[in-house]
Amino acid sequence: MPLSFLNPGLLFGAAAAAVPLLLHLLQRRRVREIAFSDLRFLEEVKARRSRALGVRRWLLLLLRMLAILLVVAAAAGPRLGGRDGAAPAPAALLVVLDTSASMRTEQDRGTRFDAALAAAADAVGSLPAGAVVQVVLAGPRPRAVFNGWTGAGAGAAAALRAVTPTDGAGDAAAALAEAAAWVAEAPQRPVSLLLISDLQACAWDDAALADAARALAAAGGARLSLLAVGEPRVAGGVALVRTPLRALRAGEAVQVEADVRVGHPGQVWRLELDGRLVAEAASAASPGENDRLVFAFAAPAAGLHRGLVVTAADRFPVDDARPFLLEVRDRLEVLIVHGADAGAAGRGGWRYWANALAPGGAAGGADELHHVRARAVADVADGDLAAADAVLLVDPGPLGRRLQTAVLERLERDGGVALFAGDPADAAELGRTLLPALGLAAPAAYRVHGAAGAQRAVVTAPHHPLFDGLPADALATLTRAQWRRYHALPDSGCEVLLATSGGDPLLALASRERGRLLVAPFSTLDDATDLARNPMFPPLARRLAAFLAGGGRLRPTRPAPRRGRAARRRRRGRRGRRRRPGRPGAALPGPARRVRRGPACPLRLARGPRFRGGEPASRQGFYTFVAGGDTLGEAVLTMPAAEGEAALLTAAEAAARLAAAGLPGAGILAAAPDGRIAEAAAGRDLAPWLLGLAVLVLLAETRLSRRAA
Numbered sequence: 001m002p003l004s005f006l007n008p009g010l011l012f013g014a015a016a017a018a019v020p021l022l023l024h025l026l027q028r029r030r031v032r033e034i035a036f037s038d039l040r041f042l043e044e045v046k047a048r049r050s051r052a053l054g055v056r057r058w059l060l061l062l063l064r065m066l067a068i069l070l071v072v073a074a075a076a077g078p079r080l081g082g083r084d085g086a087a088p089a090p091a092a093l094l095v096v097l098d099t100s101a102s103m104r105t106e107q108d109r110g111t112r113f114d115a116a117l118a119a120a121a122d123a124v125g126s127l128p129a130g131a132v133v134q135v136v137l138a139g140p141r142p143r144a145v146f147n148g149w150t151g152a153g154a155g156a157a158a159a160l161r162a163v164t165p166t167d168g169a170g171d172a173a174a175a176l177a178e179a180a181a182w183v184a185e186a187p188q189r190p191v192s193l194l195l196i197s198d199l200q201a202c203a204w205d206d207a208a209l210a211d212a213a214r215a216l217a218a219a220g221g222a223r224l225s226l227l228a229v230g231e232p233r234v235a236g237g238v239a240l241v242r243t244p245l246r247a248l249r250a251g252e253a254v255q256v257e258a259d260v261r262v263g264h265p266g267q268v269w270r271l272e273l274d275g276r277l278v279a280e281a282a283s284a285a286s287p288g289e290n291d292r293l294v295f296a297f298a299a300p301a302a303g304l305h306r307g308l309v310v311t312a313a314d315r316f317p318v319d320d321a322r323p324f325l326l327e328v329r330d331r332l333e334v335l336i337v338h339g340a341d342a343g344a345a346g347r348g349g350w351r352y353w354a355n356a357l358a359p360g361g362a363a364g365g366a367d368e369l370h371h372v373r374a375r376a377v378a379d380v381a382d383g384d385l386a387a388a389d390a391v392l393l394v395d396p397g398p399l400g401r402r403l404q405t406a407v408l409e410r411l412e413r414d415g416g417v418a419l420f421a422g423d424p425a426d427a428a429e430l431g432r433t434l435l436p437a438l439g440l441a442a443p444a445a446y447r448v449h450g451a452a453g454a455q456r457a458v459v460t461a462p463h464h465p466l467f468d469g470l471p472a473d474a475l476a477t478l479t480r481a482q483w484r485r486y487h488a489l490p491d492s493g494c495e496v497l498l499a500t501s502g503g504d505p506l507l508a509l510a511s512r513e514r515g516r517l518l519v520a521p522f523s524t525l526d527d528a529t530d531l532a533r534n535p536m537f538p539p540l541a542r543r544l545a546a547f548l549a550g551g552g553r554l555r556p557t558r559p560a561p562r563r564g565r566a567a568r569r570r571r572r573g574r575r576g577r578r579r580r581p582g583r584p585g586a587a588l589p590g591p592a593r594r595v596r597r598g599p600a601c602p603l604r605l606a607r608g609p610r611f612r613g614g615e616p617a618s619r620q621g622f623y624t625f626v627a628g629g630d631t632l633g634e635a636v637l638t639m640p641a642a643e644g645e646a647a648l649l650t651a652a653e654a655a656a657r658l659a660a661a662g663l664p665g666a667g668i669l670a671a672a673p674d675g676r677i678a679e680a681a682a683g684r685d686l687a688p689w690l691l692g693l694a695v696l697v698l699l700a701e702t703r704l705s706r707r708a709a
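Okay, so the sequence shown: first residue is 1 according to the working numbering, each after it adds one.
These aren't lab readings, by the way, just hints derived from the structure by calculation. Just so it is clear, CB atoms sit at the ideal spot from N, CA and C, and this is done for glycine as well. Please note that the accuracy of each hint is not assured.
Label-pair ranges, simulated between beta-carbon atoms [as the list claims (entries may be wrong)]:
| # | residue 1 | residue 2 | range |
| --- | --- | --- | --- |
| 1 | Ala250 | Pro535 | 22 to 28 Å |
| 2 | Leu245 | Ala444 | 17 to 23 Å |
| 3 | Ser286 | Pro539 | 37 to 43 Å |
| 4 | Glu429 | Phe297 | 45 to 51 Å |
| 5 | Glu429 | Asp259 | 40 to 46 Å |
| 6 | Leu11 | Leu59 | 24 to 30 Å |
Construct all of the structure, not just a fragment, from the sequences and the given hints.
Structural data, given as structure tokens:
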């Protein structure tokens, strides 16, 4: 810990320690020689006494000099740790308080957040009169506690105690970037910045920290101090729940996977649906290890079901129960869009797909799950694509700007689209328009094989949701299908699910951040493939539609701020004042929260799936979106899995990371058990200890001098 002095100029008084040395040198005794008869015995006594007196005199001299040095050092105001004693007291204090989910970890006395909040309140309450304070909460999105810089004191400390932690992630760089905006507006200088956090390793992004450092430098700079709270603790919990990536129907076998962190040997997890236990699983992994559990059960009745994967509570209760939504459908709306019709099988063989999904031979027919509508490109109305659960484009030819825009919007809203393009006459047009818009390259060639050279199918991703759960004989039956005409797709970063025996992709999943796009470079006409006559074609068609209809998310129209960058603020009134952000919605008591649409939380809802997953918010759980008396949809909000990781940085490691990012010289503070850091910020006063030691030295000198006399 660094040593500093309140009055370093007084250290020049250490020169006074030379006074005893000078006096000793000036007053050295000169021995007079006197003639005497027999000096043999006296010489022996003199030699012994001279050696003893010489050692004692030098020891007395050192003790006197040490006493003077100790008194001078005590007068200079020595302090161990804390801020540099030469630095002035802060006129403005900006506290960055970690409110991420990991701060809810329980310790011997309260949680990490309790300790952090007590320390922050103590720092705010101990500021001198006239100082100002602001507090930035480092949660999923950094935000300020006060409308603007406010006067320090008990009132600000009391308001700070009302802050609560979130179930979201922490972002140290984004919080520091937000702090930089407040530093630039500070009405007084100097500004001290105090970061209070558990320093969870996953929350630190070096590149974003460098951006925040530049923002702080541009704002005028601030003296940074660190206060670490909490110690690494291994706790069991649920990191992630994976539901089937396809639409489900009642009664079918369902497998839900859960990635868990093991807290103790033989830890057991339960899966509950609508408050009812449906499956259990135990982990054989060792404490501290990760494991993947599989819960198998039969799909419940049609509807939207609230689920939980639960384990026994421990020191980190946030991840002991992870919510999820499981939707079981009673109807899937499938839209088939095709080009100008030709032949009994239809353009591109679209009628084969319609009959596989809805047996009976009528495109408008329906089985107990699928409702199929077929439209030529020219007949597709506005809103048709948005209203469907799954969209199949079967040799559509030129789509036109309106329909192409509708396809792109559907993908942006996390909808599913399958493109079957096997007509060589359309390759050039698709390569100029639709494929580039979808981020795909135009076909490299058109393959034509005779009957003897027909290509067999190869399932390259048997564990993909499209094929997962199918028995080996079913997959073997599918591989007996043959292809004679198809486009050769270039490598566009797609995941190949089905390929020819020669390696050409037959069914590929495009790599996209949003939406599900399946690309198949063939038609299902008899002269191109015999897939439509394969016994596995109907189940493949249904699985394809179910996969396209699965998933989806509900997202705000206003994008979240990028990592390490402060959110823009709307200002009103005089400079330096800021509107308090409105609440995104009222959380009502009960198992689900009802969120009402307001100006602070604009939502964009798309037709299609009846629910969408959500982004992490302040509290995990089930949310219902309502407008007036109408229910718009439901969402489940969960804690980021990384918040359950036990790895924490030490204060020294965090200071080194900050220095590497461009924020050198961060002071390291330590709080008392009750959270007080005012004394820690000033450092430990060593003056009483030095004065006490000086007294002991003088007592020792007095006793030694008496013995010498």
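Results of checking the hints against the structure:
1. Ala250 / Pro535: 22 to 28 Å: 25 Å, holds
2. Leu245 / Ala444: 17 to 23 Å: 30 Å, violated
3. Ser286 / Pro539: 37 to 43 Å: 41 Å, holds
4. Glu429 / Phe297: 45 to 51 Å: The hinted range 45 to 51 Å holds for glutamate 429 and phenylalanine 297, with Cβ atoms some 48 Å apart.
5. Glu429 / Asp259: 40 to 46 Å: 45 Å, holds
6. Leu11 / Leu59: 24 to 30 Å: 25 Å, holds
When each numbered hint is compared with the structure, a violation occurs for hint 2 only.
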